[in-house]
Amino acid sequence: MRIAAALAVAALAAILRLRAVALLPIDYDEDDYLRGGLEYAAAIQRGDWAALTQLNYRPEHPALHKLAYGLALAPFPPATVPDRPTTAAPAPSLPQPHLYVARLVSAFFGTLQVLVLALISPVAGLFLAISTWAVKYTSQAMLEGIPSFTSLLVVACYARGRIRGWRWLALSGAALGLTAASKYLYCVAGAAVAVHWLASTAPRRGARSKVALWRWLRPVLLWAVLAVAVFAAADPYLWPDPVGRLRDSVFFHPYYTQSQAVQSLNMPFWQTLALLFSSVPWHRSVFLVALDPLVTLLAAIGLFGRKEPRLWVTWLVVAAAFLLVWPTKWPQYLLCLLAPVCYLGAAALARWVAMLERAWAARGDWHWRPAWPSSASWIGLRRALPWLIPGLAAAGLLLIYPMIYQFAISLTDLQATSIRDGVTGGVWREVWLGLTGQVSPVTPSALGHGPATRVHYAGPGLLAQVLLSIDEVLAFEIVWTVLAVGTQAALGLGVALLLNRRGVRFTGWWRTLYILPWAVPEFVAALSWSHILEPRFGWLRLATAPWAQQAPALARASAGWMARTDQALLLLLMAALWYGFPFMCLAASAGLRMIPHELHEAAWMDGAGAWTRFRYVTWPLLAPLLVPALLIRAIGAFNQFYLFVVLRPPHPLATLATISYTQFASNRQYAVSAAINTVTVAILLGLVLWFEHKSRASEGLTYA
Amino acid sequence: MHRLSASRQALCQAALLLVGIFVLLPLWSLSRLALDGAIKSVPTAFMLWPQQPTLGVFGQVWQRASQSLSFLGLLANSLWVSCLAAGLSVVMGASTAYAFARLRFAGRRVGLLSLLVGAFLPPVALMTPLYLILESLHLRDSTFGLVLVYAAFSLPFCIWNMRAAFQAAPRELEEAAALDGATPLGCFLRVALPLALPAIGTAALVAFLGAYSEFAVGWLFVENGRDVTLAMAIWGMRTMGGVPWSQIAAMAILMTLPVTAVFLVLRKALFDRMAFGSPE
Numbered sequence: 001m002r003i004a005a006a007l008a009v010a011a012l013a014a015i016l017r018l019r020a021v022a023l024l025p026i027d028y029d030e031d032d033y034l035r036g037g038l039e040y041a042a043a044i045q046r047g048d049w050a051a052l053t054q055l056n057y058r059p060e061h062p063a064l065h066k067l068a069y070g071l072a073l074a075p076f077p078p079a080t081v082p083d084r085p086t087t088a089a090p091a092p093s094l095p096q097p098h099l100y101v102a103r104l105v106s107a108f109f110g111t112l113q114v115l116v117l118a119l120i121s122p123v124a125g126l127f128l129a130i131s132t133w134a135v136k137y138t139s140q141a142m143l144e145g146i147p148s149f150t151s152l153l154v155v156a157c158y159a160r161g162r163i164r165g166w167r168w169l170a171l172s173g174a175a176l177g178l179t180a181a182s183k184y185l186y187c188v189a190g191a192a193v194a195v196h197w198l199a200s201t202a203p204r205r206g207a208r209s210k211v212a213l214w215r216w217l218r219p220v221l222l223w224a225v226l227a228v229a230v231f232a233a234a235d236p237y238l239w240p241d242p243v244g245r246l247r248d249s250v251f252f253h254p255y256y257t258q259s260q261a262v263q264s265l266n267m268p269f270w271q272t273l274a275l276l277f278s279s280v281p282w283h284r285s286v287f288l289v290a291l292d293p294l295v296t297l298l299a300a301i302g303l304f305g306r307k308e309p310r311l312w313v314t315w316l317v318v319a320a321a322f323l324l325v326w327p328t329k330w331p332q333y334l335l336c337l338l339a340p341v342c343y344l345g346a347a348a349l350a351r352w353v354a355m356l357e358r359a360w361a362a363r364g365d366w367h368w369r370p371a372w373p374s375s376a377s378w379i380g381l382r383r384a385l386p387w388l389i390p391g392l393a394a395a396g397l398l399l400i401y402p403m404i405y406q407f408a409i410s411l412t413d414l415q416a417t418s419i420r421d422g423v424t425g426g427v428w429r430e431v432w433l434g435l436t437g438q439v440s441p442v443t444p445s446a447l448g449h450g451p452a453t454r455v456h457y458a459g460p461g462l463l464a465q466v467l468l469s470i471d472e473v474l475a476f477e478i479v480w481t482v483l484a485v486g487t488q489a490a491l492g493l494g495v496a497l498l499l500n501r502r503g504v505r506f507t508g509w510w511r512t513l514y515i516l517p518w519a520v521p522e523f524v525a526a527l528s529w530s531h532i533l534e535p536r537f538g539w540l541r542l543a544t545a546p547w548a549q550q551a552p553a554l555a556r557a558s559a560g561w562m563a564r565t566d567q568a569l570l571l572l573l574m575a576a577l578w579y580g581f582p583f584m585c586l587a588a589s590a591g592l593r594m595i596p597h598e599l600h601e602a603a604w605m606d607g608a609g610a611w612t613r614f615r616y617v618t619w620p621l622l623a624p625l626l627v628p629a630l631l632i633r634a635i636g637a638f639n640q641f642y643l644f645v646v647l648r649p650p651h652p653l654a655t656l657a658t659i660s661y662t663q664f665a666s667n668r669q670y671a672v673s674a675a676i677n678t679v680t681v682a683i684l685l686g687l688v689l690w691f692e693h694k695s696r697a698s699e700g701l702t703y704a
Numbered sequence: 705m706h707r708l709s710a711s712r713q714a715l716c717q718a719a720l721l722l723v724g725i726f727v728l729l730p731l732w733s734l735s736r737l738a739l740d741g742a743i744k745s746v747p748t749a750f751m752l753w754p755q756q757p758t759l760g761v762f763g764q765v766w767q768r769a770s771q772s773l774s775f776l777g778l779l780a781n782s783l784w785v786s787c788l789a790a791g792l793s794v795v796m797g798a799s800t801a802y803a804f805a806r807l808r809f810a811g812r813r814v815g816l817l818s819l820l821v822g823a824f825l826p827p828v829a830l831m832t833p834l835y836l837i838l839e840s841l842h843l844r845d846s847t848f849g850l851v852l853v854y855a856a857f858s859l860p861f862c863i864w865n866m867r868a869a870f871q872a873a874p875r876e877l878e879e880a881a882a883l884d885g886a887t888p889l890g891c892f893l894r895v896a897l898p899l900a901l902p903a904i905g906t907a908a909l910v911a912f913l914g915a916y917s918e919f920a921v922g923w924l925f926v927e928n929g930r931d932v933t934l935a936m937a938i939w940g941m942r943t944m945g946g947v948p949w950s951q952i953a954a955m956a957i958l959m960t961l962p963v964t965a966v967f968l969v970l971r972k973a974l975f976d977r978m979a980f981g982s983p984e
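Top line first, the protein sequences correspond to chains A and G.
Letter 614 of the first sequence, counting from 1, is numbered 614 in the numbering used here, and no numbers are missing.
Letter 266 of the second sequence, counting from 1, is numbered 970 in the numbering used here, and no numbers are missing.
It should be emphasised that the hints constitute simulated quantities derived from the structure, not laboratory data.
Among these hints, one or two may not hold up.
Covered, in the sense of this in silico footprint (three residues per stretch, anywhere, with C-beta under 8 Å from a C-beta of chain A), are these stretches of chain G [claimed, not checked]:
id: 1; region: 837-846
id: 2; region: 935-947
Computed from the model, here is a short list of chain G residues facing chain A with C-beta under 7 Å [as the list claims (entries may be wrong)]:
id: 3; residue: 720
id: 4; residue: 723
id: 5; residue: 724
id: 6; residue: 747
id: 7; residue: 800
id: 8; residue: 820
id: 9; residue: 834
Bear in mind that the values here come from a model prediction, so they are computed numbers and not experimental data.
All C-beta atoms in this analysis are idealised placements derived from N, C-alpha and C, irrespective of residue type, glycine included.
Construct the entire structure; sequences and hints are all you get.
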């Protein structure tokens, strides 16, 4: 049954990849790898087997994948591809059928990868089969096909070998060797296996003798040695001069990250995260389905499941950490973590299905309660109404009607030129006509083209377009909220702990000083920081100016932080930390005062050190008290607006509120602004509902 | 554990001092600019202390703050808009908050959740529709329009916070008053309201501060220079250019000082009431 399902999934994968092989335009670097393959093919046709150890076009990547292209191309008539720089634009044309054959080789291994994953979990295989990133990069003459397949084998064989014995483990090692011989990046799977292996067999605290240590390390070392041996055997280019050529090949990559080609792109470090949450944005017609964001979302949920196999989580975390840190951010790098993403997504889905099944099985036990309120509470409403009327009237005029109106605007194309029509009833007219089907929606792409003096119905297309185009900002929002709240909580808690230590002097003075940022309006805080950070005349810039000769890098950094996303994020975080930490400090202080001192005394008497006391006494008691404050600061960070408006960091460093304001103030695209706001409201509504569901934390709301 | 050794004490103080410097850094950068009479447009050299220490810059901005208004005129606008917005939120919200605290009725839970979402909304999320609605009412370009906008921003928060205050007040007092023949309205006005007054004051203060320091939305709404508030004037000086940085800094400090003073005096009450309204 499982095999049949796996074969069906693999067949689907093959169809999607064959389609992509035929339809995809020529991409960057395809000419390079095709040329590499053709060089090998020519050597094989000549019968010059020794040449295989000397040839390797683009030697920064190991030879195996290009060799596979060469073997497949050998039966075809020779062809040549010109030598172009690695940074060149995609080649205008490439020899056929050679390109087609090379792409087929890649797609073959891509399909094999799907088959293996489908044998482990059919749903995971299905996710991988339809992943647009996997389809694209394993259907082009890139170097992704073989290593994505073998890196999956590394993990799968290891998982099986832990139960079935050393043969499978040896297979895993061999697969790692083949992976390394195809593309170095994919060895993150091997790293994940090593981490998991060492962590799960670590000897216990009491039994750390030399023998135990050796017994612990030996199998992993053997596995690694086998991998190295297979790697050396599978990369013939290394044979004449193993050390020198390997060094050149590997060290090319760190240098490349510093090159102009990579630096000038200036991608933020979470770029990979952003890509995971979107489908391939180019040549959409090639892909029949684009469910990648959904799968990623499922995987993100699966990451927190209690029962998920640690191995796959380790793989995902190791690969994601590497991609976050590594400065080169080509989209094809995503493929090294697609398999665990698909696996965890499938696991989360399976859990939900099981939950639904349980609920269905237990349906007889439900005590059905009508959702309709009982009559008593309707009487209650009648009694409460006189009290509610003033507030309801104000909220209706100032909040509820504007919210509905905003949603209506987001269904139109209202902009500066059509505002006369819009405010004299045009919005409602068009929405009515559109929803009753009397006019067909204008396509969202027509938005902003040509100043129309009349409002038009645009349908939900604009909302969809906004949702699709803000993935970068959303990814930044996540990074920003986590980092901002994390730093604020860390500093606030640290200061509170120091101030609450017995015997520390002058605490009253310090407390008064630390309260200051909280007592300053956010606008003034942002203004003072902009006086420090302004790239031409700011304090920081002027302070580093005298050292422009001795330390040009420093001067450049202080003048050009606006252009560098990572630097800009750091400085923004600093300003947000300044403004936000006093609140966390106050909250932590209030919480610390509620922890009885006797507990500390008792722990101290038992010989607990400072860290142990914090970890096992203070933290468990304090953490629940901090939840409301954390929530307030998190939403404050998510909505952060004045800081961004005043400091004007570069794209994509922006919150939803900021881009909505820009669309409104600079572009006068009222409909786009309204659509972004509608998304914001939906997200906040979801958050509030989730918190209500999870805890009563929101009862403690409010000032941020 | 009870006494810190001298070296530990020094270490703690050093860490606290480091944080203190971080806190003072932007404040000092602002004050240094405002106190320097030598800056004609932008600072050109790194300076830890003002080159020509003077209070003259404050005098300059006091007399001629913006093109059409004096500092006092701007302040009057700010106070008018902020007080009205805060007053509107509190007066319209008080009885609703009381109902949410004391009565049980259909839709109460939905109402509470909506209030929470409303309190979490960024001002920008309401800006777009309010702009168009006020435009169609010909109220957009006026201080009264600003009052309505800022009241919309603060209303949910005020209701939510006052509800917590009413809940914290002992119910028995109202029941006793009812037994003595007070009408429900009498209970509310004579018993519940006085008890919750400090908390209502805090809610009003927060609403006031929100309006007092808001500039970005107001900047888009108001076109007439006579309707500009203090925060908007500072933002205008900043974006238009041509105004010496020292004057911008001096304005910002003048605007901040009263607010900060109020915060420092009331900080304990503010924090307790604003942050952690009593649980249900």
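Status of the hints after comparison with the structure:
1. 837-846: Three-residue rule met by the region 837-846 of chain G, so holds; n is 3.
2. 935-947: Contact hint for the region 935-947 of chain G vs chain A: holds, 4 residues under 8 Å.
3. 720: 5 Å, holds
4. 723: 6 Å, holds
5. 724: Since the shortest Cβ distance to chain A is 5 Å, the answer is holds.
6. 747: Cβ of residue 747 of chain G sits 6 Å from chain A, so the hint holds.
7. 800: 3 Å, holds
8. 820: 5 Å, holds
9. 834: Where the cut-off is 7 Å and the nearest Cβ of chain A is about 5 Å from residue 834 of chain G, the hint holds.
When the structure is compared with the earlier hints, no violation turns up for any of them.
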